[in-house]
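Chemist: Here are the chains, one letter per residue:
There are 2 protein chains.
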Amino acid sequence: MGGLSQTKSAGKRKIVVCRDLGKDAMTMLNSSGHEIVAWERDTPPSREWVLRNVNGASGVCVMMADAVNDELLEAAGPSLKIVSTFSVGYDHFDIAAVKAKGIRVGYTPNVLNDSVADTAVLLVLMAMRRVGEALQVVQEGRWPQTPWSPFLLTGPALTRPSLTIGFLGFGRISHCTLERLLAFTQPRDSPHHPSCVYTSSRIRSNQQEIDNEYTARFGVPTRRVEADVLARESDVLIILCSLNEDTKGMVNETFLEKMKRDAVLINVARGPIVDSVALAAALEKGHLCGAGLDVIDGEPNIPANHPLVLNPRCIVLPHIGSASDMSRGSMADLCVRNVLAGVEGKEMPAELGL
Amino acid sequence: MGGLSQTKSAGKRKIVVCRDLGKDAMTMLNSSGHEIVAWERDTPPSREWVLRNVNGASGVCVMMADAVNDELLEAAGPSLKIVSTFSVGYDHFDIAAVKAKGIRVGYTPNVLNDSVADTAVLLVLMAMRRVGEALQVVQEGRWPQTPWSPFLLTGPALTRPSLTIGFLGFGRISHCTLERLLAFTQPRDSPHHPSCVYTSSRIRSNQQEIDNEYTARFGVPTRRVEADVLARESDVLIILCSLNEDTKGMVNETFLEKMKRDAVLINVARGPIVDSVALAAALEKGHLCGAGLDVIDGEPNIPANHPLVLNPRCIVLPHIGSASDMSRGSMADLCVRNVLAGVEGKEMPAELGL
Chain A
1 MGGLSQTKSA GKRKIVVCRD LGKDAMTMLN SSGHEIVAWE RDTPPSREWV LRNVNGASGV
61 CVMMADAVND ELLEAAGPSL KIVSTFSVGY DHFDIAAVKA KGIRVGYTPN VLNDSVADTA
121 VLLVLMAMRR VGEALQVVQE GRWPQTPWSP FLLTGPALTR PSLTIGFLGF GRISHCTLER
181 LLAFTQPRDS PHHPSCVYTS SRIRSNQQEI DNEYTARFGV PTRRVEADVL ARESDVLIIL
241 CSLNEDTKGM VNETFLEKMK RDAVLINVAR GPIVDSVALA AALEKGHLCG AGLDVIDGEP
301 NIPANHPLVL NPRCIVLPHI GSASDMSRGS MADLCVRNVL AGVEGKEMPA ELGL
Chain B
1 MGGLSQTKSA GKRKIVVCRD LGKDAMTMLN SSGHEIVAWE RDTPPSREWV LRNVNGASGV
61 CVMMADAVND ELLEAAGPSL KIVSTFSVGY DHFDIAAVKA KGIRVGYTPN VLNDSVADTA
121 VLLVLMAMRR VGEALQVVQE GRWPQTPWSP FLLTGPALTR PSLTIGFLGF GRISHCTLER
181 LLAFTQPRDS PHHPSCVYTS SRIRSNQQEI DNEYTARFGV PTRRVEADVL ARESDVLIIL
241 CSLNEDTKGM VNETFLEKMK RDAVLINVAR GPIVDSVALA AALEKGHLCG AGLDVIDGEP
301 NIPANHPLVL NPRCIVLPHI GSASDMSRGS MADLCVRNVL AGVEGKEMPA ELGL
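Protein chains in written order, with UniProt numbering: chain A, 1 to 354; chain B, 1 to 354.
FYI, nobody ran anything at the bench for these hints, they're computed from the structure. Misleading hints may appear alongside valid ones.
The list treats identical chains as interchangeable, and a pair is accepted whether it falls inside one copy or across any two copies.
As the list claims (entries may be wrong) - Heads up, simulated DSS-like pairs for lysine-lysine below, C-alpha to C-alpha not over 30 Å straight-line:
| no. | residue 1 | residue 2 |
| --- | --- | --- |
| 1 | K12 | K23 |
| 2 | K12 | K81 |
| 3 | K99 | K285 |
Since this is a predicted model, take the numbers as computed values, not measurements.
The whole structure should be built from the sequences, with the hints applied where relevant.
Modeler: See below:
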């Protein structure tokens, strides 16, 4: 009995969890036999709470708001084996620091693809059909003085001939988004069929072959272009790349000036990729039909009088891209299975290749 | 010369136009050789203006807000041949009165199918993903106190297994809407594929054959049901039927009570089909996930404190269903070509079969 207890105890690790992960995921954690130290609330814990509690932990479950850097790694100490993030993005990680210490990283790819693609299309439709202005008419009680008329609140159509759909970053979520949008455009076999352009940070020797494969897969001409071509040609431009030193502030004044006057810009990736001041100025000038942002630089500290919140041509959502019950449930499940596998030295369901 | 002038004059008819139809359509009218009396503004003319000016007219172009009844027909007199409406719906017509006088009716089907279907999907996504609440968080400056958390503002997913999409009325716009929505669901060949139920006012002896054809066409089981089955089975319920005595108030308390608790209700047809008081009560009780209305009973006289405008689970748009530049341009074109063909006794591009 003593020996068995000791064996069990030897396998028992400390896992720190920085947010309530929901009933199913918390039950899985609490019945794992490990020591679970959880901040079981919907608001983030203080940094002080995190740093104090990670000491001696083998695993940590974090959110986007929790910076994973030397400070956290040193507070945890040499016991730390795995950091599991409840996100597909990992811009809150100091990847070099994590790599240097040989710590494994779990993340939640794929399970949120459909939800984020849904949000991207939602924002495309809201921006093109001028929903911000339309909602204001109703909510401010101006509808009685703004009766239906033939050209009231008209916006550009997704069925426009030869629509060009552009993606800044062309991973799995972009593919899901493109497939949805193609159900709204001219048919793929029409003479006025849409086409797709995208940027990719990866330079590959067989680019033509890759584009041929995409073209066959999506049924519309699809090709990799440079960022300035993407800006110039896109009628609908969707940002779906990672945030890193190369993409931070990439959509700036110069980029926006190259865009078509009736194009829409959608950001469902990370806020700092877009220069908010430049976007507000572009919308103010009537350059661009509209914008749809699920993310914005400085979030969540965005006041009601932020110029992009005030502009009815700009839709600002509070980062709900993956907020479907199915996706968030799957993310919680994957986040916990990653941390458990990590502390137990097993293969993780979704480990980031460092 | 005199003879030619007289011939031309004999063919010259009076056409009254109740709203600015845009540059292209107004140019076509003004260069038609007919006498054009137009209320060239974006707001509706007074009823008095219409009744006074239609006297002696051969054709009239009307909008949804202009009632076409005995009053108007008698004010026009026996010269009236055609009333051309800038809409696909014709609930503003007293069809019996028009028919009794042998007056032809032009309308604008098909050219708005894509735009209205886009609006239907837009409202489905907004209602399911709780965009009303999300926008309030940002616009009221509550985002800093409402940081990202795993289950904040989560809504049901279109990828849920065995999703049932329901249509009250299953004409061309419903078909376009279904095709778009199927790009968001589980794949058609998945074991958890979606299915479609619909109601139709037409009872047909070969119903099974028709449903087999729909099933083959859309790639998912599609069947006609009674209204109470539609209410009970639909996860997404979209109203796309005509307004008439049978459909007025059809979505009432009894209907809403049968609906699933996490379903969404979308109205892109006509406001009076839904009982607003019953819908507000259902949403207030938390019965239904949300609603998306492009139309509402009593529009445009909807104050800012209307219970459905105040409820963040209900999206209310000011009847912009067909408001894409392409659709509205095509509607104006069709409206004018209908009235010209009507006054000239020719075949109309889109004549309503009475």
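Chemist: Each hint needs a verdict: does it hold in this structure or not?
Modeler: Hint check:
no. : hint       : in the structure
1   : K12 - K23  : within (22 Å within a copy, 76 Å between copies)
2   : K12 - K81  : within (13 Å within a copy, 88 Å between copies)
3   : K99 - K285 : neither (45 Å within a copy, 52 Å between copies)
When held up to the earlier numbered hints, the structure conflicts with hint 3 and nothing else.
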